[in-house]
Amino acid sequence: MNVLQDKINSFGIEIIFPETETPTQFLTIEISSENTHKLISELKNNPDTSFDYLFCQTGVDFPEHMEVLYHLRSTTHQHEVVVKAKIKNRENPSIDSVYDLYKTAEYHEREIFDLFGVKFNNHPDLRRILLDDEWEGHPLRKDYVDEINIVEL
Amino acid sequence: MSVKKIHRIKESQEYFVNMGPQHPSTHGVLRLLLTLDGETITNVEPHLGYIHRSIEKMCEKDSYQQIVHLTDRMDYLSCHMNNEAVCLAVEKGLELEVSDRVKVIRTIMSELTRLSSHQLWWGVMGMDLGAITSFLYGFRDREMITDIFEETCGARLTMNYNVPGGLMFDIPANFQTKVKEFITHFRKKLPEYDQLMTDNVIFRNRTEGIGILSKEDAISYGVTGPGGRASGWNNDIRKSHPYSAYNKVDFKEIIYTEGDSFARYKARIQEMWESMNIIEQLIDNIPEGNYREKTKAVIKLPKTEIYQSVETARGELGVYINSDGKKNPYRVKFRSPGLSNLNALNTMAKGGKIADLVTIMSTLDLVIPDIDR
Chain S
1 MNVLQDKINS
11 FGIEIIFPET
21 ETPTQFLTIE
31 ISSENTHKLI
41 SELKNNPDTS
51 FDYLFCQTGV
61 DFPEHMEVLY
71 HLRSTTHQHE
81 VVVKAKIKNR
91 ENPSIDSVYD
101 LYKTAEYHER
111 EIFDLFGVKF
121 NNHPDLRRIL
131 LDDEWEGHPL
141 RKDYVDEINI
151 VEL
Chain B
1 MSVKKIHRIK
11 ESQEYFVNMG
21 PQHPSTHGVL
31 RLLLTLDGET
41 ITNVEPHLGY
51 IHRSIEKMCE
61 KDSYQQIVHL
71 TDRMDYLSCH
81 MNNEAVCLAV
91 EKGLELEVSD
101 RVKVIRTIMS
111 ELTRLSSHQL
121 WWGVMGMDLG
131 AITSFLYGFR
141 DREMITDIFE
151 ETCGARLTMN
161 YNVPGGLMFD
171 IPANFQTKVK
181 EFITHFRKKL
191 PEYDQLMTDN
201 VIFRNRTEGI
211 GILSKEDAIS
221 YGVTGPGGRA
231 SGWNNDIRKS
241 HPYSAYNKVD
251 FKEIIYTEGD
261 SFARYKARIQ
271 EMWESMNIIE
281 QLIDNIPEGN
291 YREKTKAVIK
301 LPKTEIYQSV
311 ETARGELGVY
321 INSDGKKNPY
331 RVKFRSPGLS
341 NLNALNTMAK
351 GGKIADLVTI
361 MSTLDLVIPD
371 IDR
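If you read the protein sequences in the order shown, they are chains S and B. Following the numbering used here, the numbering of the first sequence begins with 1 at its first residue and continues without gaps. Following the numbering used here, the numbering of the second sequence begins with 1 at its first residue and continues without gaps.
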């Protein structure tokens, strides 16, 4: 895991490997939302890392910031990494799309836009995917108020 | 004037046709907006969400034991694997090691689920292409598996057999006999599937070279499962990240390189043989032990992040749990195989005919509740 960490450090992009008490499942990288596309593009195209498979992309809503997670796997080297992009502007979040690198991001990003309200720049077709076009709000945000209270227990 | 008009009619003109939401070959409530030029497809735009039930939002209010029951309703044909994914994730978070007995029973049940899912797929695929008999054959053999499920856990479709820490009940006394009976029966019947469909000229003409997906596209779109493996991509989670008892069994990863509909078809048929091999290796050696480890009534995971993937009948199902130490998860994400597989539909169907789209949809083996969640 450390070899991979050194390789990613050598890209010269400002990143943090967060310190945790217990070892994490994957090597985790924290990065600001502005540099995310640059880093992931390097991770994919550099032959030392060649992360060519985005197996999961999702968002998490924290009280202070919004986070977009990229779970990446390399089909040649069989290693995995998690990129956590922090978006500081929680009210009006936006980040660059990775559709040009991974086509699977098309639906995943539409889903994150639908449920979290994160805007993806340069996405070819950013519309709601699961909910109605007329739906108000983004349900997976923690401040979303469900008026009908279907999910309240 | 009239000459000009006739000329205009002969010009090609694009038009739109809605396929679905209530269309038999979409296997559920999915609407495909087709852009057609004559009978040639120029664009397919899936519209989903008709049966979105906000399972991920509901998970944030539920305890970990309750989440297991919601996952049955995603990909109902791979319900056992969906349950297993959540249970493995929770067990990983609790650092709880289940007994070998549980691991082996889970693996046998997973493979039985895969067999029953592929049997249903095979029957329905034949029916999509106009062969009614295959549907009856598929359901005849599937009935034996659902009977085994019914005796084991009381349900035929949504099984809820897994709980965090093990299994809901122990296996019944005649479980091994019944499973062995089924395997002997199905080893004789599976060659009939080949005789009926695989070697049929009409079937071959309708599948060979149809809906080609290259390996690069398969990886880029994340098309996992038999769909990705038919394009030459070795993406089997059972091999690359073995869970339960898959590291103890010997089986082949089925890979074809053609990437067309027939390769996807062959991959599933061969997978059925492999599933039977796996079950035969395990069924006589179910170790003794607890069928369930004791867990607290209220499970609280430590502050952690867990990702667990399993190989369902359709591909890689990932469960991402972000826990903040409370009894409910902070965020749960299901990386469903169907959503990524559907994403590749446009690439595969573009340039083909409408009838080919039905073939491609069949060989992708989409289950709509899995896509919409």
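These are computed hints drawn from the structure, not numbers from a lab. Incorrect hints may have been included.
Capping the alpha-carbon separation at 20 Å, the derived lysine to aspartate or glutamate pairs in EDC-like fashion look like this [said to hold, decoys possible]: (1) B:Lys57 - S:Glu30; (2) B:Lys303 - S:Glu30; (3) B:Lys92 - S:Glu80; (4) B:Lys57 - S:Asp96; (5) B:Lys61 - S:Asp143; (6) B:Lys57 - S:Glu147; (7) B:Lys350 - S:Asp125.
Next on the checklist: When the structure is checked against the list of hints, which entries are broken? Sort them ascending.
Outcome noted: Going through the list in order, the structure violates hints 1, 4 and respects the others.
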